[in-house]
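Q: According to this note's numbering, the sequence shown is numbered sequentially starting from 66.
Everything labelled a hint here was simulated from the structure, so no lab data went into it.
A couple of the hints might just be wrong.
[Said to hold, decoys possible] Quick list of the computed label-pair ranges, beta carbon to beta carbon: (1) Arg151 x Thr78: 36 to 42 Å; (2) Ile159 x Asp90: 25 to 31 Å; (3) Gly88 x Ser181: 19 to 25 Å; (4) Arg153 x Trp84: 45 to 51 Å; (5) Asn70 x Gln172: 30 to 36 Å; (6) Met205 x Glu105: 31 to 37 Å; (7) Lys91 x Gln172: 43 to 49 Å.
Ideal Cβ positions, reconstructed from N, Cα and C, are used throughout, including at glycine.
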Amino acid sequence: KGNDNFPALQALTDSCKMWDAIGRDKIQEHALDLSALCKELLADNAAFPFGQLYAPNIRELSSGITSFNPLQDQTDLATLNLFRDRLREEYGYIVRTTDFKVKVDDQLETHALRISTHLFHNEDDVIGLVAAMRDLYLSM
66 KGNDNFPALQ ALTDSCKMWD AIGRDKIQEH ALDLSALCKE LLADNAAFPF GQLYAPNIRE
126 LSSGITSFNP LQDQTDLATL NLFRDRLREE YGYIVRTTDF KVKVDDQLET HALRISTHLF
186 HNEDDVIGLV AAMRDLYLSM
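Using the sequences provided together with the hints, build the complete structure.
A: Listed below in structure tokens is the structure:
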């Protein structure tokens with residue numbers, strides 16, 4: 066079993082106290098506000114003519130996660146991974162990728178970037194991310 070990691074346990078305790086001090090509802094609203102902004106910017110951005118948003122911008126159905134693929138071929142994982150990696154290496158933004166079938170009988174999986182908004186992000190972070198995605202997309 067090993068030894069307990071007391072510094073990690075203390076950090077978790079401190080984090081929970083901070084969440085309680087801020088208020089969990091306030092944190093959730095912040096993440097949802099940033100997620101809505103991200104979706105609005107991506108949907109509005111003419112730089113992504115083939116972009117597909119896979120997360121509804123309906124508050125009651127939303128979370129802090131936005132799934133989006135800027136590419137024409139929504140099944141091209143290699144190019145999407147290159148896009149994700151360049152976004153991190155050249156612009157400093159970290160996003161993940163995810164995959165799923167849009168329809169249950171799809172033969173190929175659809176791939177998307179998974180953009181997460183958190184307590185430590187702000188509007189400038191989201192605006193900067195979408196601007197970096199636009200610049201990167203136009204350069205590829």
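Q: Could you run down the list of hints and mark each one as holding or not?
A: How the hints compare with the structure:
1. Arg151 x Thr78: 36 to 42 Å: Once the Cβ atoms are compared, 38 Å apart, the range 36 to 42 Å for Thr78 and Arg151 holds.
2. Ile159 x Asp90: 25 to 31 Å: 27 Å, holds
3. Gly88 x Ser181: 19 to 25 Å: For Ser181 against Gly88, whose Cβ atoms are near 20 Å apart, the range 19 to 25 Å holds.
4. Arg153 x Trp84: 45 to 51 Å: This hint is violated: roughly 27 Å between Cβ atoms.
5. Asn70 x Gln172: 30 to 36 Å: 45 Å Cβ-Cβ, so the 30 to 36 Å window is violated.
6. Met205 x Glu105: 31 to 37 Å: 23 Å, violated
7. Lys91 x Gln172: 43 to 49 Å: 44 Å, holds
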